[in-house]
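Enquirer: Line order of the protein sequences matches chains A and B. When we follow my numbering, the leftmost residue of the first sequence carries the number 1055, and every step to the right adds one. When we follow my numbering, the leftmost residue of the second sequence carries the number -9, and every step to the right adds one.
None of these hints come from the bench; they were simulated from the model. Ideal Cβ placement from N, Cα and C applies to all residues, glycine included. Some hints could be false.
[Said to hold, decoys possible] Now the stretches of chain B that chain A is said to cover, found in silico as 3 or more residues with beta-carbon under 8 Å:
no.	region
1	21 to 35
2	90 to 96
[To be verified] Straight-line distance between alpha carbons at most 35 Å, and here's what the computed DSBU-like set of lysine-lysine pairs gives:
no.	chain 1	residue 1	chain 2	residue 2
3	A	K1110	A	K1096
4	B	K3	A	K1150
5	A	K1121	A	K1110
6	A	K1121	A	K1056
7	A	K1056	B	K3
8	B	K3	A	K1096
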Amino acid sequence: QKEVEQDPGPLSVPEGAIVSLNCTYSNSAFQYFMWYRQYSRKGPELLMYTYSSGNKEDGRFTAQVDKSSKYISLFIRDSQPSDSATYLCSSGGDYKLSFGAGTTVTVRA
Amino acid sequence: EAGVTQSPTHLIKTRGQQATLRCSPISGHTSVYWYQQALGLGLQFLLWYDEGEERNRGNFPPRFSGRQFPNYSSELNVNALELEDSALYLCASGRKAYNSPLHFGNGTRLTVT
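Looking at chain A on its own, in the form it has when it is part of the complex:
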């Protein structure tokens, strides 16, 4: 079993819709959580970083962590075609950091 599981999609939504991305993790030692966005032929770009359960907002992006159920979510409001990319969740702790497989998102104009 992978330590971080993520539905690879692909996910296609119309412009303006809310994009909902989810991951689960299995390692109880994981203490911090990140979301990355990766455009084609580029390295992953850090979007959100959090180390506690609850919500964290940054503009149109909201990261949600539920440590009791080991569930990580990312919501993108008012999605734009420029949000089309692969989104990677990651979780880490104790000198270990694992990534999900990534979800490819397409926002249709």
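Position chain B against the provided structure of chain A, taking the given hints into account.
Expert: Frame of chain A; chain B shown alone:
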């Protein structure tokens, strides 16, 4: 602030050769991580260096090795290249220890023929 820089951008080698990939972290970052991103396999953890020491290693054979220099830059060496080593190799850096968010470079695309 300059980001993580990796060189070369592309590298073409033949099977059995050795490849050396280089990474310069963001100024002030002491940790460097290496990941392999093969098509359809996601990010696979290779190596983690902090303050010049190897802190953790992923499930890769010993022919994948590396080091971190006193200026915190890092080098990844892959010996006896195999066709399945063809992938994007990503370097990331972080401020300190294990709970720092990582910042990635744009990778080195290694092609083994």
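Enquirer: Each of the hints needs a verdict: does it hold here or not?
Expert: Verification of the hints:
1. 21 to 35: holds (count 6)
2. 90 to 96: Per the Cβ count (6), the hint holds.
3. A:K1110 - A:K1096: Roughly 26 Å between the alpha carbons, so the hint for A:K1110 and A:K1096 holds.
4. B:K3 - A:K1150: Within the cut-off at roughly 31 Å; holds.
5. A:K1121 - A:K1110: 14 Å, holds
6. A:K1121 - A:K1056: 17 Å, holds
7. A:K1056 - B:K3: 31 Å, holds
8. B:K3 - A:K1096: 21 Å, holds
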